[in-house]
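K.L.:
Chains S and G, in that order, give the protein sequences. The first sequence begins at 29 in the working numbering and counts up by one. The second sequence begins at 61 in the working numbering and counts up by one.
In short, the hints are calculated from the structure, not lab data. Glycine included, each C-beta is placed from N, C-alpha and C at the ideal position. Certain hints may be false.
To be verified - These stretches of chain S come out as covered by chain G in the derived footprint (C-beta under 8 angstroms, 3 or more residues):
#, stretch
1, 62-73
2, 129-141
Stated by the list, open to error - Straight line, CA to CA, 27 angstroms or less: simulated DSSO-like cross-link-like pairs of lysine-lysine:
#, chain 1, residue 1, chain 2, residue 2
3, G, K117, S, K65
4, G, K117, S, K95
5, S, K85, S, K68
6, G, K117, S, K31
7, S, K84, S, K95
8, S, K31, S, K84
9, S, K96, S, K31
10, S, K84, S, K65
11, S, K69, G, K69
12, S, K65, S, K96
13, S, K68, S, K95
14, S, K31, S, K85
15, G, K69, G, K117
16, S, K69, S, K96
17, S, K68, S, K31
18, S, K31, S, K95
19, S, K96, S, K85
20, S, K68, G, K69
21, G, K69, S, K65
22, S, K84, S, K68
23, G, K117, S, K69
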Amino acid sequence: EDKVVQSPLSLVVHEGDTVTLNCSYEVTNFRSLLWYKQEKKAPTFLFMLTSSGIEKKSGRLSSILDKKELFSILNITATQTGDSAIYLCAVEEGNYGGATNKLIFGTGTLLAVQP
Amino acid sequence: DSGVTQTPKHLITATGQRVTLRCSPRSGDLSVYWYQQSLDQGLQFLIQYYNGEERAKGNILERFSAQQFPDLHSELNLSSLELGDSALYFCASSSPILRGHSYNEQFFGPGTRLTVL
Chain S
29 EDKVVQSPLS LVVHEGDTVT LNCSYEVTNF RSLLWYKQEK KAPTFLFMLT SSGIEKKSGR
89 LSSILDKKEL FSILNITATQ TGDSAIYLCA VEEGNYGGAT NKLIFGTGTL LAVQP
Chain G
61 DSGVTQTPKH LITATGQRVT LRCSPRSGDL SVYWYQQSLD QGLQFLIQYY NGEERAKGNI
121 LERFSAQQFP DLHSELNLSS LELGDSALYF CASSSPILRG HSYNEQFFGP GTRLTVL
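Construct the entire structure; sequences and hints are all you get.
P.N.:
Laid out in structure tokens, this is it:
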């Protein structure tokens, strides 16, 4: 059965700290891995990763994928209170070229950044 | 604002009842996805429609059904509701998959919170 596992389940840090969120997966027909940030409402897209070893960066956030070991990490440096959210990892599963890109989500990591 | 709309925002109903959740995708998007998010299960894929046809099925109960209409809006019907169906239901949409593109980002609507009493 396909699964995506995130750790830790939750963490509390102080502003300015650096955090690393983990995501491991076992998915047949892997196409890509995605990170989303969910605050009070809908998940918002952060990154999509398809190739191993290539870091994606957006400001203080960065992410990398290891397709051999089947995991990804999301790093947030110099955390701010506005980073407090649930961070969701999802793996896109499907056949290349088809019109199906089902996302299998992990349960998420709840990050709380205290001032 | 993702451009995906969902109604209603919040729904409270009793066990045994039936409800319909509605989703309008972003303009031009042909694919609609439904997800259920509960505290203990996380975000779970339910079903996908593409241009009116069912394309993929996830962990969707037999009591649940969905359809996508010619104008591309979609409805998720939940019947014989149980307490455990209480959750946030998200709809997402994406553009058609084009050759050479590995992924089309799914844009999520604001969700419908269903409370079953």
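K.L.:
Which numbered hints does this structure break?
P.N.:
Structure breaks hints 13, 16.
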